[in-house]
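Colleague: One-letter residues, chain by chain:
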Amino acid sequence: MTATQNSIAAAIAVNRFGLGARPGELAAAEKNPSGWLRRQLEGAPPVLRSEGLEASAETLGKVLALRKDLATARREKKQGGEDGAKVAAALKLPAIERPVYIEEAHARFAHAVGTDRPFLERLTQFWTNHFAVSIDKVVVLGVAGAMEREAIRPHVTGRFVDLLMAVEKHPAMILYLDNQASVGPNSRAAGFLARRGSAPGAGRKVGINENLAREILELHTLGVDGGYTQADVTTFALAISGWSIGGEGPNRGLRRLGGGKGRPGEFFYRDALHEPGTKELLDERYADGGVKQGERILADLAMRRATARHVCSKLARHFIADAPPQGVVERMTQAWLGNRGNLVNVYEALLASPEAWGEPLAKFKTPADYIYSAYRGLALPVGDKRRSLQAFEALGQRNLMPGSPAGWPDTSADWDGSSALLKRIAWSDALSQRLGDSRNARELAPQLLGATLSDATAHAVARAQSGAQALTLLLSSPEFMRR
Amino acid sequence: MRDLLSRRRFLEASLFTGATSLAGARLAFAAAPTESRFVFVLLRGALDGLSAVPPVGDPRYASLRGQIALAKSGADAALPLDSTFALHPSLGFLHQSYAAKELAVLHAVASPYRERSHFDGQNVLEGGGVHPHELQSGWLNRALAALPKAGAAESGVALGANVPLAMRGPVEVASWSPTKISTLDEDTLARITDLYARDPLLSRRLADALESDAIANEAQAAANADGDMKPGNVVERDAGQRRGLNANFTATARAAAGFLKRDDGPRVAMFDTSGWDTHANEGGAQGQLALRLRALDASLAAFKVALGDTWRHTVVMIATEFGRTAAINGTRGTDHGTGAAAFLLGGAVRGGRVVADWPGLSGLHENRDLRPTRDLRAVLKGVLRDHLGVASAALDRDVFPASAAVAPLADLVRPA
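Chains A and B, in that order, give the protein sequences. Reminder that position 213 of the first sequence reads as 213 in our numbering, one-by-one numbering, no gaps. Reminder that position 364 of the second sequence reads as 364 in our numbering, one-by-one numbering, no gaps.
The following block holds chain A by itself, in its conformation from the complex (with noise of 0.2 Å):
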C-alpha cells in the first residue's frame, strides 16, 4: 500500500470500524490499519465494572417481590381492605429500575468512550441490537443492560449458536418477548387450569404466545425470507413454551406441577407449561426432551445457511454500504458455515475483504456513533451520570431504546433527516461553546478526520472567528457525519 492508501485506510480502521479516532489513534492504526483491528479481537472481550452495576436476578428479584406485592395489595382492596400504602409502595417500579438502568447506560457509554478496543465494542452494540430489547416495556428498564454485559459481551468472540443461547434464554429477551407465560394448549398446565372449578385461574384461556418465537426466526435467526411458514412459527412457539422466568409463577397449584419456583429472576424451565410431543420444524423431527427440545431447534438455525447469510448481510451492511456487496456477504457466509459459526473467522473474511476498504464515509453516523466519536475525538468526560444520557435523547437515540425487537435501523435515510441534522449541528454548537478555547480544532481535525479530512473543512476551522466557532464547524463538517 502507499503512504495515502495506508492512510485512507487507517481513517476506515478508526473511524468506520472503531467508535471514532481519540488523537493519536490514527497515526497507531496507520502501520498496519487492518491488523490494529485484528488485534482488538484478541483476548477475553473486556468485562463492565461500575459499582452500580447489578445481576440482572438481583434487579429482577426486586421487581417481581414488588409485583407480587402489588398483586395482593390489589386482592385485598378489592376484598374490602385498604391498603393504599402498600399500592402505592408497589407502584414504584420504575423508581427500582430507573437507577439500575442510568448505570448501566453510563457505564457502556463511558467504556465505548474509554475503550482502547473500539471495534470490538461496535462488535458488541452490533449484537445488542441484533438482539434488540427496548426499555419503552418497563419491564426491561433494569434489565436490558445487565443482557448486554451477561448474555453479549462474553460471546462476542465466540460461536453464533452460543450468543443466541445465551440471549434467548436471558430473562430479559424472555419478558421482552413475553415468552413467561406462554402455556402449551395440551400442557399439564392448560390441564390443570381447565379442570379446576371455581378456583382463581379457572376457566382462564391459556395457550402460547408467539412472540419470541416469530422474532427469532425473523429477525435473529433465519430472517425474514429465511423460508419459514406460520405453522413453523406456531410449532416454534410450542416447543419453547415453558421457557419462563424464575419466581412465584402463576399460582400454587402450577408451582406444584412445574417443578418450583426456580431461583427469582433467573431463566426457569416450567414443564407443566411446555407443550408435549414431537415437533416437526423446517422439515426437521424434534423429539421431545423438555427444554432440550427448543434448544436443538435453535442449535440448527444457527447453522442454517439462511441464518448465516441474514446475519451476514446485517454486519456488511453496519460496516462497508448501506446496500452491502454481496460478495463480501457470501464470503463471510462460507466463513461461517465452514468453521462452525465462529464470529472471529467471519470477522476476518469482513476485513480481508478488498470492498471493506474501497470506500470512505460511505456510511452515516448513528447519533450514538456521532456521540461517541465527539467525545472520543475531544477527550471529554463522560461525567455525571444523568447529564451524560441527555445527549442520546437530544440526538434522538436513547441508550437501549430502540423502540421495536428489530433494534435501531441502520441506512443513511433512516438518520439523516433535516430536523436530525440540526439536532446535531445544535448539541456540538453548545458543546463548543462550552468548551470554548479549551480544544483546538485546527491541531484535531487532522487528528479526527486523517485523509478523509478536506480542503474545505480544515479551510473552514481555520478562519473561524472563534476557538467555539471552529470546534462546531470541525463537528458538523461532511466528513465528522459520516463513518
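Treat the hints with care, as some may be off.
Straight-line alpha carbon distances no greater than 30 Å define the calculated DSS-like cross-link-like pairs of lysine-lysine that follow [stated by the list, open to error]:
(1) K261(B) with K137(A)
(2) K385(A) with K180(B)
(3) K31(A) with K169(A)
(4) K68(A) with K261(A)
(5) K292(A) with K261(A)
(6) K62(A) with K169(A)
Using C-beta positions, here's what the derived DEER-type ranges look like [stated by the list, open to error]:
(7) E76(A) with A75(B): 17 to 25 Å
(8) L201(B) with T2(A): 23 to 31 Å
(9) R67(A) with P178(B): 31 to 39 Å
Below, a sample of chain B positions facing chain A; criterion: calculated Cβ distance under 7 Å [as the list claims (entries may be wrong)]:
(10) A174
(11) L184
(12) E186
(13) H279
(14) L364
For the record, the hints were derived by calculation from the structure and aren't laboratory data. All residues carry an ideal CB built from backbone N, CA and C; glycine is no exception.
Chain B: place on chain A using the hints.
Modeller: The following block gives chain B in isolation, referenced to the frame of chain A:
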C-alpha cells in the same frame, strides 16, 4: 437549486443586516398546488382493530375475545356506531366526529402484504408496492411528485427527527421536531451552509431544517397569541393529558397543524407512533391499549383545535400495518394478524359511516385472523385522487406501481 440559492441569500442577507433573528425568519414555501390538506398517521406495531373498532354485534365477538371483549352496554361500554360496530370507549373525540359526520371508519382492510412481520408489513404499507423491500421510496412522496403543478418541493413535512419511508423519495421532504438552537448564531449557520455547498444531501437538509424551524416558531407564537395553548381548553382538561404519552402525541399533532394551517405551508404531513404491539395484557375498556388509544384520541382533538378553519379542508388517514388475531391469546393479548381497522377523519371527510365489507368472525383467514375484504391502496387512491387531485393514471402507475386493478374507492371525501 434556485430555492437553495434563495435560502442561502437569505442567510447571507441576515448576516449583513443583523436585524432578522432566526426565530423570526420568514421563508416562503413554494406556491402550494392545492387547498386540501392530507395527514397520514401510521400506528406502528399493529393496532388491534377488533378492540379499537369492536364488532360488538358479531355473534362470535364476545367469545373470541374473552376477557378483553368490550361490552355493548353498561359501564365502560363501547361507543356505538351502528348495529354491528362500536368504538373503543377511549375514543370519545372520534365518536363525536362520527356523529358530526367527520369520521369514516374502515374495517377489514389490509395492504397486499399477507405475512406477519411488523417490519415487512410496514415496509409494504409505506412503500406502496406488493412485496417487502421492492421499493426504495414511499407512496406519499410519489404522490407529492404527481400533484397537479408539481414542483412545490416543500409540500410535505414529516413530524419527527427523520423522514419515514412513506415520505422518502424524489421530492425533498423536510422533517421537523423540536430542537433547541439557542446557542447557534447566524454567522455559524452561514459558515456551515458554505461548508455543505459541495455536499448536496447535507445542504438540502440544512436548508429544509432552517425553514421548518422558522415556520414552527411562527406557528408556536401564533398559537400562543390565539390562546389555544392556554389551560382551560377542553383538550387540556383531559385527565390523561399530564401523562407523557399524551403530551408527546399532542405536541406532535399541534406541530403538524402549525405547518398545515399556513397558506404558504406544506399540504401533506405525516407522523408515526409506535407501541401498538399488544401481545400480553392488552386490556379491555381499561389497560394498556386503552391508555394509548386515549392519547391518540386526545392528540387528534388537539390537532383539530389547532388547525382552526383549515380543518374543513383536511383529511387525516390513520392506518396500521396489519390487524391482530381474532382470538385472545394465552397471555391476555393478541398476536399478529391480517385484516385491520383504519380511520379517515377531518372536515373534508364524508363521515358518519362505517365503510366495510364485513366478512364476519366465523370464517377467519387461516383460521385465526379477520379476513381482509378491501385493499388499503383502494382507500388511499380514493383519497389522493378526490382530495388532492392526483391523476388516476399516476396513481395506477407511479404512486402504487402496477395497481390498475385496484380501483380507487369513491366518495370518501366531500367535493371541494
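Colleague: Looking at the structure, which of the earlier hints fail to hold?
Modeller: 1, 3, 12 and 14
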